[in-house]
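Given the structure of chain A, go ahead and fit chain B onto it with the hints provided.
Residue numbers (our numbering), protein chains in the order written: chain A, 138 to 329; chain B, 704 to 815.
Misleading hints may appear alongside valid ones.
[Unchecked claim] Here are the simulated distance ranges between beta carbons:
#1 Lys781(B) to Ser233(A): 36 to 46 Å
#2 Asp794(B) to Gln186(A): 49 to 59 Å
#3 Ala193(A) to Ala719(B): 35 to 45 Å
#4 Ala250(A) to Glu786(B): 16 to 26 Å
#5 Asn190(A) to Glu786(B): 50 to 60 Å
[Said to hold, decoys possible] Straight-line C-alpha distance at most 27 Å; calculated DSSO-like pairs for lysine-lysine:
#6 Lys792(B) to Lys708(B)
#7 Lys772(B) to Lys280(A)
#8 Lys730(B) to Lys280(A)
#9 Lys705(B) to Lys280(A)
#10 Lys781(B) to Lys249(A)
#11 Lys782(B) to Lys772(B)
#12 Lys206(A) to Lys273(A)
#13 Lys206(A) to Lys280(A)
#14 Lys249(A) to Lys730(B)
#15 Lys280(A) to Lys736(B)
#16 Lys325(A) to Lys257(A)
#17 Lys184(A) to Lys206(A)
#18 Lys249(A) to Lys772(B)
#19 Lys257(A) to Lys708(B)
#20 Lys304(A) to Lys273(A)
#21 Lys243(A) to Lys772(B)
#22 Lys782(B) to Lys280(A)
#23 Lys792(B) to Lys772(B)
#24 Lys325(A) to Lys206(A)
#25 Lys730(B) to Lys273(A)
#26 Lys273(A) to Lys772(B)
#27 Lys187(A) to Lys201(A)
#28 Lys753(B) to Lys243(A)
#29 Lys746(B) to Lys257(A)
#30 Lys273(A) to Lys325(A)
#31 Lys257(A) to Lys736(B)
#32 Lys219(A) to Lys297(A)
#33 Lys187(A) to Lys249(A)
#34 Lys249(A) to Lys753(B)
#35 Lys309(A) to Lys730(B)
#36 Lys792(B) to Lys249(A)
#37 Lys257(A) to Lys314(A)
#38 Lys297(A) to Lys325(A)
#39 Lys746(B) to Lys730(B)
#40 Lys781(B) to Lys705(B)
In case anyone wonders, no lab produced these hints; they're calculated from the structure. Glycine included, C-beta positions come from ideal geometry on N, C-alpha and C.
Listed below are the residues making up each chain.
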Amino acid sequence: MILIDCNYFEMCDLGLKLSDLASIAQVIIAIANICLAIYIFTYQRSKDQKTQNDTARLNEQNIKLQWFKELVIQPNFDVINKFYDDLNSIEGQIGSNDLNDEEKEKINDFIKASQSRLRKSLVDVLLFVDPQFANKAKENLDKLVDGITEAIFNDELKLKNPNTYEKYIASKISASKNNLIAQLYNYKGLSS
Amino acid sequence: MKEYKIDLQAYRTPTAKVFTGRPHGLKVRNESKIDIIAGQYDKITVVIPKDISSINPSFLEEFLENVVKELGENGFLKKFSFENEGRYKIDTDLTEAIERILREENALSFQE
Numbered sequence: 138m139i140l141i142d143c144n145y146f147e148m149c150d151l152g153l154k155l156s157d158l159a160s161i162a163q164v165i166i167a168i169a170n171i172c173l174a175i176y177i178f179t180y181q182r183s184k185d186q187k188t189q190n191d192t193a194r195l196n197e198q199n200i201k202l203q204w205f206k207e208l209v210i211q212p213n214f215d216v217i218n219k220f221y222d223d224l225n226s227i228e229g230q231i232g233s234n235d236l237n238d239e240e241k242e243k244i245n246d247f248i249k250a251s252q253s254r255l256r257k258s259l260v261d262v263l264l265f266v267d268p269q270f271a272n273k274a275k276e277n278l279d280k281l282v283d284g285i286t287e288a289i290f291n292d293e294l295k296l297k298n299p300n301t302y303e304k305y306i307a308s309k310i311s312a313s314k315n316n317l318i319a320q321l322y323n324y325k326g327l328s329s
Numbered sequence: 704m705k706e707y708k709i710d711l712q713a714y715r716t717p718t719a720k721v722f723t724g725r726p727h728g729l730k731v732r733n734e735s736k737i738d739i740i741a742g743q744y745d746k747i748t749v750v751i752p753k754d755i756s757s758i759n760p761s762f763l764e765e766f767l768e769n770v771v772k773e774l775g776e777n778g779f780l781k782k783f784s785f786e787n788e789g790r791y792k793i794d795t796d797l798t799e800a801i802e803r804i805l806r807e808e809n810a811l812s813f814q815e
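Chain A on its own, in the form it takes in the complex (with noise of 0.2 Å):
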């Protein structure tokens, strides 16, 4: 800037001429050329780099998820479906609310078959497939039976009332189903 400001006495005296500014503000082009087609080059080699990289994330997660279903949702569909009609078919398991101890711990002992058979089914091919995900799924599982046994044992509850049986139990039972579907339904064939 301070040699285009410049005028040609001031010029003269520096020892430059018109025609060596123009020759300088040739190479400095040129050499900002230089750099910008390597910026250019640069760019987009890493961005041709993501794109095959995010293609090819995107490929293993379309293939896992893919065998995700046929080996492990496919085979489970009835037994997860089992598991809560079994839980809700407690509803005629308690005949009273006056159940002895020895009645609640057959509802109970009933209960926690049914999870351990869904785990032994479903939750322990999910630990090999992914263990984050499969914690996520127990805690859910476990939360719910959990919930139940507290509620069988305790003898404040009146589970024959239905109002009660719905807030304690069936509530949880749904909510436990709908959390275990929106959670196989969002997998995305990656926990991370």
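Positioned in the frame of chain A, the structure of chain B alone reads:
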């Protein structure tokens, strides 16, 4: 032979007839110092209160996680015994908890 007793009565929620949940299992594991005790004694007896109706696997899994991993199933069953004068039998829940712990450990080593 050095023996030790862990009485679950000390860790029971007042009036509760059940032990449930991972947070409670973790709390009892820490407060009872079972992981340290397991290394210091030859025989450990876990005393279950007489009127307990269930100890859910979620509780047991968290309570026993480290000792089962450390000793393995056979070592654990050799060192630990459960005493209950009441009707509740822990065998099924204990087997379930041990299976869960070991299955998870296997899965994690498979991932590495």
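Against the structure, the hints come out as follows:
no.: 1; hint: Lys781(B) to Ser233(A): 36 to 46 Å; in the structure: holds (44 Å)
no.: 2; hint: Asp794(B) to Gln186(A): 49 to 59 Å; in the structure: holds (58 Å)
no.: 3; hint: Ala193(A) to Ala719(B): 35 to 45 Å; in the structure: violated (53 Å)
no.: 4; hint: Ala250(A) to Glu786(B): 16 to 26 Å; in the structure: holds (24 Å)
no.: 5; hint: Asn190(A) to Glu786(B): 50 to 60 Å; in the structure: holds (59 Å)
no.: 6; hint: Lys792(B) to Lys708(B); in the structure: holds (18 Å)
no.: 7; hint: Lys772(B) to Lys280(A); in the structure: holds (24 Å)
no.: 8; hint: Lys730(B) to Lys280(A); in the structure: holds (17 Å)
no.: 9; hint: Lys705(B) to Lys280(A); in the structure: violated (38 Å)
no.: 10; hint: Lys781(B) to Lys249(A); in the structure: holds (26 Å)
no.: 11; hint: Lys782(B) to Lys772(B); in the structure: holds (13 Å)
no.: 12; hint: Lys206(A) to Lys273(A); in the structure: holds (18 Å)
no.: 13; hint: Lys206(A) to Lys280(A); in the structure: holds (25 Å)
no.: 14; hint: Lys249(A) to Lys730(B); in the structure: holds (22 Å)
no.: 15; hint: Lys280(A) to Lys736(B); in the structure: holds (25 Å)
no.: 16; hint: Lys325(A) to Lys257(A); in the structure: holds (23 Å)
no.: 17; hint: Lys184(A) to Lys206(A); in the structure: violated (32 Å)
no.: 18; hint: Lys249(A) to Lys772(B); in the structure: holds (23 Å)
no.: 19; hint: Lys257(A) to Lys708(B); in the structure: violated (32 Å)
no.: 20; hint: Lys304(A) to Lys273(A); in the structure: holds (23 Å)
no.: 21; hint: Lys243(A) to Lys772(B); in the structure: violated (31 Å)
no.: 22; hint: Lys782(B) to Lys280(A); in the structure: violated (30 Å)
no.: 23; hint: Lys792(B) to Lys772(B); in the structure: holds (23 Å)
no.: 24; hint: Lys325(A) to Lys206(A); in the structure: holds (11 Å)
no.: 25; hint: Lys730(B) to Lys273(A); in the structure: holds (20 Å)
no.: 26; hint: Lys273(A) to Lys772(B); in the structure: holds (21 Å)
no.: 27; hint: Lys187(A) to Lys201(A); in the structure: holds (21 Å)
no.: 28; hint: Lys753(B) to Lys243(A); in the structure: holds (18 Å)
no.: 29; hint: Lys746(B) to Lys257(A); in the structure: violated (31 Å)
no.: 30; hint: Lys273(A) to Lys325(A); in the structure: holds (14 Å)
no.: 31; hint: Lys257(A) to Lys736(B); in the structure: violated (30 Å)
no.: 32; hint: Lys219(A) to Lys297(A); in the structure: holds (23 Å)
no.: 33; hint: Lys187(A) to Lys249(A); in the structure: violated (48 Å)
no.: 34; hint: Lys249(A) to Lys753(B); in the structure: holds (21 Å)
no.: 35; hint: Lys309(A) to Lys730(B); in the structure: holds (25 Å)
no.: 36; hint: Lys792(B) to Lys249(A); in the structure: holds (14 Å)
no.: 37; hint: Lys257(A) to Lys314(A); in the structure: holds (18 Å)
no.: 38; hint: Lys297(A) to Lys325(A); in the structure: violated (41 Å)
no.: 39; hint: Lys746(B) to Lys730(B); in the structure: holds (22 Å)
no.: 40; hint: Lys781(B) to Lys705(B); in the structure: holds (14 Å)
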